[in-house]
Amino acid sequence: MNFLKRVGIIVIFAVVLSLLSSSFLVVTIADRAIIIGLGIDRQGDEYVVTSEVLTGSPSSSETGNGNSFSKVISGSGSTVALAMQNIYNKTGQLPSLGQCCIVLLGKSVYLQENLSTLLDYFLFSDAFKDNTIVACFEGEAKDSFNYVTTLTTSPSFAMLQLLQGSDGRTGLPQNHLEKFMYKQYGNLSDSSFLNLVKFLPDEQTNDAQTKHTQGDFYSDSIALFSHYTYQGELSGKALDGFNLLMDKSAVCDYVVNDGGVRGINAPVATVGLLSKSVDKEISIDDDGKINFKIDCNVRVDRLRTDETGELFILQNHKDDKVNTEMKREIEATIQEQIEAAFGVSAQLKCDFLELSNQLYRSYGKAYSLLLQANPLLPFEAQLEINVVAEQ
Amino acid sequence: MVMQDIIKKREIKISQLVLMFILIIPGGKFLSLIALMAQNIGRDTPLAMTVLFAFDLVCLSAVLFAFVLNKQRRSFYHILCDSIGSIATKVIMAIYFLIFLMRITLLLVNTIHMFSSTFSVKTNWIAYSLPICALIVFVLWLGPNTIARLSESFFVFILLALLSILIFSAGQAQFSNLLPVCERGTAYFFRQLPRYTFWFGEAMFLLFFMDNIPKGKKTKVYPLFVAFAVGAVICVGLAAVFIGLFDTLAPYNNLAMSKVSQFIIKQTINGRLDWLSLVIWLISAYIKVMIMAYCMLKSLHFIIGKKQSKFDFVGACLMLLPVLVVPLLIDVEKTIMTYLCSRWPRYIMWVCQYLVLLLMPLFVYISKRKQLPKGFYTTDGCLAIEKGERPPVSRGKLRFFSKNAHLNLSKNAFVKVNFHNSEDNHSQSQQLDQNNRDNQMQNTQDNGDTQEQNLEVKE
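Residue numbers (my numbering), protein chains in the order written: chain A, 1 to 391; chain B, 1 to 459.
Hint data in this document are derived by calculation from the structure and do not stem from the laboratory. Mixed in with the good hints there might be a few duds.
As the list claims (entries may be wrong) - SDA-like mimics (lysine to any residue), calculated; alpha carbons at most 20 angstroms apart, straight line:
(1) A:K248 with B:F175
(2) A:K365 with B:A187
(3) A:K248 with B:G171
(4) A:K5 with B:A187
(5) A:K293 with B:F313
(6) A:K5 with B:L135
Work the whole structure out from these sequences, hints included.
Right, here's the structure in full:
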């Protein structure tokens, strides 16, 4: 086969392929609106979806302040899908959600709506990442994209850094789209949580001319959900107890009486968790009561200036002493934290500690029947907590 | 020279077969099977896969035993013909043809689905599958050795992509989701298993490569067991990670691979590094398609009785025509699940996927007996002498296949070698003739002189 024949075959093949695919237009990156963050609010009968779009090409900002890095575009519709379609109609650019890293739910949505109807649009889309962080925003989600943070240009990335950093570093749990959804579908515990994000404005640096509100995003609590509807908030000691029992990370700090261990007359010392081992043994006795035994072993050490909350297990040994009184104090605090978590669970009738799930794994259908007979069974569990703190 | 080239193109080393086997096993299972199993079996999907792989292991053992027995490297078709007759063999080959056709079509349908959903690359079926079919024809023209070389070239990258998807995603999976075991009862679990056998029976691919392994070498099959174990562990692992990640929502996902890969590294939460791993892994799906196409073409040739000395361009194009057309007419996955996996056609498929594989050692044994005339043979089954002829040259034991006759030759017996007239064995016999001459010379040098021994056949 000579050269011309080969070229001819390639040309014919390319032409036939173009005809068959009916694709003559090239969709470039400039034709797409690459969305990195989404906010969902409710206004009357309509959903308002606000998106932070990367500026791949010069485009106008429909709403919000925007910047050279991204623009904020909103769309509205009776469903989230229609609101997304509205963004496309307004801009003429295809909304590309494959890069979306955070979905924020405004107060008007997460307090009143059943979130399954909102989020299944994202969950059952293959192009949308299932590990996208979903969080609640105290206020209108639309506003969050207009804030300017101190260190990060993009509000989406600022919130992402805050929540990513919280997982395993600052003692706050973090939830993804798929986990949030499946924990409330077909599971007996039927509950999950989302981070609750707030914005703390810094009044001194606010620019009145550009209407930019500068400040920082902040999160120190989680919103609890059952049947995809809001149940309440978890913060403080109860949140620490939840972390101790449910989260893989071992991040918790305790302020205890120093007692002059190191010869310096300091009134208090800050001690952090080095590692934790939580053995949960759950069983149902002959009377049908749940016994929940928790053995919690923690290793603690004083916080140093090169650590912020998290201590690393493989660090070299330090001679800073944590005496017996301090350890007892920490043990008592941990016990309080766990009890507080159970208290909130019982008060809200929300099984976010997943007792029912654990029992189902051990007892199968037998537990399902017990739960059907008494839906409050997991909240009547008898607790037995043993905490041992060591340095 | 041309003949040598053809033989070289057809030859595949065991090491290459091992790599191909590792790539074959996960292929379509990662795309559709795990999600389909999750719809009915739920949390027990990894367990169900383990059980089905256990069946596969039994079949694989039988096939590999047949490989060891088949020292003459006779083709699968010839072995079957000798054992069950040519008509039955052609029927079986036709079933294999259809199985491969359906598997290729399903795999390609799944890959286009992955492209359109994960990478947002939307195109129509013909525009997607036509270039792939052209590629398949081109590779078939180059010969199976090309597929083997492709597997070798990409193996490391594919395995790394696969392991990165598996290991990094595992960190975020909650494996307690796999409990309780047999949630809906053991009976229900075992009742569901036969619905998913379509994706298993991977050892049947090896049957079509029986005559591709170079002759005259000892067949070491244990690496194939290792390959199978690696493939099976990866598959079960991915199923466990999938259930661990999605739990009760697993049944609502279509493609496990594209879903699991999203969790590969937490830090890519603001990026799509998973796309890179997925693209690399997809190469293995195309290699699997090529392997299946090779098996399909071979079974087509066996059915129509065509010799494989020349590449059959028309046959290759025609056999791929249904791959292009069928998905335009029917929903392939639904049809396979509804009609093939749940109704009587599955029993027909089991004959080819399991029964033939299990009986392969027997078929090889029968074939060997039918091929060789009565006389003396060395244990490698390649040398033969007629009754009453002079003692042959051999260093090994001779075995007599006639009834009531047992005979052992001394080590340095002089054996006259008779060659089979069979076309398949001709080149091999020539090679063995040379080997025996070398052996004879070696014996003479080692022991001074060679003994001659007359053999008599007692029946």
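**Request:** Quickly compare the C-alpha distance for K365 (chain A) and A187 (chain B) to 20 angstroms and report which way the hint goes.
**Result:** holds (15 angstroms)
**Request:** Measure nothing beyond the straight line between the CA atoms of K5 (chain A) and L135 (chain B); if it is 20 angstroms or shorter, mark the hint as holding.
**Result:** Roughly 18 angstroms separates the two Cα atoms, so the pair holds.
**Request:** Given the hint that K293 (chain A) pairs with F313 (chain B), test it: the Cα-Cα distance must not exceed 20 angstroms.
**Result:** violated (71 angstroms)
**Message:** Given the hinted pair K248 (chain A) and F175 (chain B), is their Cα-Cα distance within 20 angstroms?
**Reply:** Distance ~13 angstroms between K248 (chain A) and F175 (chain B) Cα, so the pair holds.
**Asked** Does the structure keep K248 (chain A) and G171 (chain B) at a Cα separation of 20 angstroms or less?
**Response** holds (11 angstroms)
**Item:** Given hint A187 (chain B) paired with K5 (chain A) - CA-CA distance at most 20 angstroms
**Value:** violated (63 angstroms)
Of the numbered hints listed earlier, those contradicted by the structure are 4, 5.
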